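Fit chain F to the known structure of chain X by using the hints.
2 protein chains.
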Amino acid sequence: MTDETIDPDLCAPRAAARRHGGRAARTAERAAPLAENLRPVRPGMPGGRYNPLSEEGVQRIHRAALDALEQVGFGKAPPSAVEILTGAGAVQGEDGRIRFPRALVEDMLARAARGIVLHGRDPKYDLHLEGTRVHYGTAGAAVHVVDVETGDYRDSTSRDLHEAARLAQGLDNVHFFQRPMVCRDIPDNLEMDLNTLYACCAGTTKHVGTSFTEPAHVAQALEMLHLIAGGEDRWRERPFVSNSNCFVVPPMTFAEESCRTMEACVRGGMPVLLLSAGQAGATSPASIAATIVQATAECLAGLVYVNAMVPGFPAVFGTWPFVSDLRTGAMSGGSGEQALLTAGCAQMHRFYGLPGGAAAGMADSKLPDMQAGWEQAISNTMAGLSGLNMVYEAVGMHASLLGFCPESLVLGDDMLGQVLRCVRGIEVTEDAVSVDVIRQTCLGGPGHYLGSDQTLRLMQTDYVYPAVADRMSPKEWNEKGRPGLVERATARKRRLLEEWRPVIDPATDRAVRERFRIYF
Amino acid sequence: MTDETIDPDLCAPRAAARRHGGRAARTAERAAPLAENLRPVRPGMPGGRYNPLSEEGVQRIHRAALDALEQVGFGKAPPSAVEILTGAGAVQGEDGRIRFPRALVEDMLARAARGIVLHGRDPKYDLHLEGTRVHYGTAGAAVHVVDVETGDYRDSTSRDLHEAARLAQGLDNVHFFQRPMVCRDIPDNLEMDLNTLYACCAGTTKHVGTSFTEPAHVAQALEMLHLIAGGEDRWRERPFVSNSNCFVVPPMTFAEESCRTMEACVRGGMPVLLLSAGQAGATSPASIAATIVQATAECLAGLVYVNAMVPGFPAVFGTWPFVSDLRTGAMSGGSGEQALLTAGCAQMHRFYGLPGGAAAGMADSKLPDMQAGWEQAISNTMAGLSGLNMVYEAVGMHASLLGFCPESLVLGDDMLGQVLRCVRGIEVTEDAVSVDVIRQTCLGGPGHYLGSDQTLRLMQTDYVYPAVADRMSPKEWNEKGRPGLVERATARKRRLLEEWRPVIDPATDRAVRERFRIYF
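Those protein sequences? They're chains X and F, same order as listed. Take UniProt numbering: the last position of the first sequence gets the number 520, and nothing is skipped along the way. Take UniProt numbering: the last position of the second sequence gets the number 520, and nothing is skipped along the way.
Pulled out of the complex, with its shape left as it was, chain X reads as follows (with noise of 0.2 Å):
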């Protein structure tokens, strides 16, 4: 019997690994928590070795954006954006539109604030956004909770919400949240806002993201958010919440309620998440570059308004464009076309050297199966390779946004953790490629390389192992009672509220339940 006979396509790699025992020890050397400087990912690695947009094509869509700013413009400015707008150089035609010459563009694209930092509360999760360096997390307005042992979609609630705050606090690999579901048990939309708030807060102290139904919501956020932080001046130091800010609702017309809620925010000093959320084939164009030309130019104009407001303003350009199944004209978060508008806005950011953010990872499938696998992992393995400094809505959505599943979110950790991993890329060093190595090993050495030093060093810091995916052999699988990966999901969830202790001390935690109706 030949190597072949055995495993034709994989010669003699399994027989290899078998020779060497010590399995053991080593699966206990890996438990071992890692020093935080030798993790093999960490938030913030820089990507953008995936190139979706030729030059030619980057400055195409550069130039198209302009145009369409110049000659279309955005519709119903509400009165303060007309002021600050027309104020900046942006003209009023006739038709009411505000137009803005491509010179007015220019200046605030060299005035924007560039290399910013989204605060953690805890400085060790700020997120540093600038080059390509890649962040995952959160975000969304799912308005059911996925139950994955009946399939039920269920109403969400603030409850919910806390407890997915707390999740992600566990999760190595879910560098952000922003509120991926509506507290749907809160009627009032102005507590509903403040309970969304606290519930992310009181959960985590990684940056927070939200949205305000109204302008008038700000002020008390605003207020909740000074009793955390200890004071406005500790609250301005460190921001730790975003704005998601649907200024716009394309195509090209302002959204009037949010450009005040924006204009609150930045008075208030919250750093704003620049949202154009267009939907190719309806409300932007089928054509994907034509989607991304519309995407880049509502953000431009959101980005002169914050900065002719404040120059320099923190603001992460959101171009957030969704796909739609154009057959049904219902929204398809998790297709290929989606992937692809996420990663060429992503090289957009980077032309403009500014902090971006846009949408990937969401499923269109109902539960956390095949195809929310790989509907999550196409797009959010291309917006990391493209070097997307935000990427939102990575985790935990199904249904094209409509539901939030927590077993899904903690599986998401897994496969962040993988796409991280080819975020990291290959290092090619001349020690990493020393043909010393395959010398030793082949001339006169073990003729394998399990047992070498250069195995054990790397094994730790080169790969990265995940927590709840399963690599049994078929027969390990077996005897273990054929574990589901969805059972697992929920087993490290529970383990993860377990452990989860309370990031709000019990005396600020009071004073913000005394002033404010928390649901949760």
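A portion of the hints provided could be inaccurate.
[Claimed, not checked] Just so you have them, the derived chain X footprint on chain F, three or more residues with Cβ under 8 Å:
{"hint": "1", "region": "49-57"}
{"hint": "2", "region": "66-74"}
{"hint": "3", "region": "282-295"}
{"hint": "4", "region": "371-378"}
{"hint": "5", "region": "393-407"}
{"hint": "6", "region": "414-424"}
{"hint": "7", "region": "437-443"}
[Unchecked claim] Stretch-level coverage of chain F by chain X, calculated; a stretch enters the list once three of its residues show a Cβ under 8 Å from a Cβ in chain X:
{"hint": "8", "region": "144-157"}
{"hint": "9", "region": "326-340"}
{"hint": "10", "region": "474-485"}
Calculated directly from the structure, the hints in this document are not laboratory data. A quick note: this is a predicted structure, and the numbers were derived from the prediction, not measured. Even for Gly, the Cβ is constructed at its ideal location relative to N, Cα and C.
Below, chain F without anything else, positioned relative to chain X:
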């Protein structure tokens, strides 16, 4: 209630989508078969927008591979290899190892075939391996078939293999069929090899890959292929089967039997996949870069070997390094490290301008679950974006290649459709980014793009729609009884098998069965 109350991160797209009717009409229009030239994705689209290695990194790996060939060389060359290789200019040292001077390697690189065709029995399935053209297909040597209903891993049989070939025939995004599993129902190795070959060829007219347990088996295999082709001349004119050949036992050792098998295939006009299947940390270095060095060196040795026999003989540069879970030594085909290895190898193929193949899409998970989805998607996406000509093992493989799952193959076709859409990329023509579409929509137009000419045109040519994957809303999904993904895959599998028609004419089939004992 503002737009933000409904769906803060999405703003208005859902509402806009709902405004417009005609869903049934659009669904029907899209359901009509598309002309071949209008299909949004097809085999052989160029990838290569992702470059995992820097130019310097590529050069470094190339130089290190040449060093390894010159300094370390290959052990255990069979007499025929010694004769062929030393005849060409390689040197056998006193330690018995064959070393390759760099000038020899460079000469053979200049002589090697480029732009080769791997033929389908039906010419429409011909694979043109040149540049960064990407093709996905099956491969492997699974010893189990995964039963998705019971979770059983049972022995794979010739019938299973034939069924998989029939499925591949109907799956548009599976471009070739290398045998993914071993016929364990056949105790005799010669009969196993012949049945493996016939199970594939009798199931699909796409290009077939196979391997042989002994060199002596090649003669009868060729006899069968001549029968199928209608004569030796016709076989040699369009050889529709390639030999997946593990000529090397990593590290840097010839597999004697496989070498002689390769020689027999070359003489018989059967293209070879020169397959180096090291396992990082076990049979090749733990450093990803160094494993690419070793795989490159090993395949270069194979390249010298083949071209020393027949200059310009069609061969695929098969750097297939795998990944070990270094805690256990077990293979982890589903890891991020694997995706990097494969993509890095693809870039080396581009550097040499050689037709190349590597492995992606393997799941460690035992079942077609969410883990399998992300594992398969990450490596397949990166393989395609890096412009890998032949992506082997792309679909259906579980438990690190130990199990083949037919339902997973069917689901994988949907996954590959999305991945191929990403490989196709973003066309940024002046027409695609024209501001006219935006202008006409915003200035006096309908304010949305749902019925625009561009949308209706692109919905067929630019958007990929899955066959099994589900994009229903939660409401619709509920109303339809929450159909499960795997059940839907089983249903498509059954339909495909019912729709399949024999691809060997009855007279030839009779002739084959008279000459050889066929088990299925």
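Now the hints, each set against the structure:
Counting residues of the region 49-57 of chain F whose beta carbon lies closer than 8 Å to any beta carbon of chain X gives 8, which meets the minimum of three for the stated coverage. Counting residues of the region 66-74 of chain F whose beta carbon lies closer than 8 Å to any beta carbon of chain X gives 4, which meets the minimum of three for the stated coverage. By the rule of at least three residues with a Cβ nearer than 8 Å to a Cβ of chain X, the coverage given for the region 282-295 of chain F holds, with 12 such residues. For the region 371-378 of chain F, the stated coverage by chain X is satisfied: 8 residues place a CB nearer than 8 Å to a CB of that chain, which reaches the threshold of 3.
Check on the region 393-407 of chain F: 6 of its residues sit with their Cβ under 8 Å from a Cβ of chain X, so the three-residue criterion for coverage holds. With 8 residues having a beta carbon nearer than 8 Å to a beta carbon of chain X, the region 414-424 of chain F meets the requirement of three or more and the stated coverage holds. Against chain X, the region 437-443 of chain F contributes 6 residues with a C-beta closer than 8 Å to a partner C-beta. That satisfies the three-residue criterion, and the hint holds. A count of 3 residues in the region 144-157 of chain F with a Cβ less than 8 Å from any Cβ of chain X is obtained; the coverage claim is therefore met, three being the minimum.
Only residues whose C-beta sits within less than 8 Å of a C-beta in chain X count toward coverage, and the region 326-340 of chain F has 13 of them, enough to reach three; the restraint holds. By the rule of at least three residues with a Cβ nearer than 8 Å to a Cβ of chain X, the coverage given for the region 474-485 of chain F holds, with 6 such residues.
Of the numbered hints given earlier, the model fails none.
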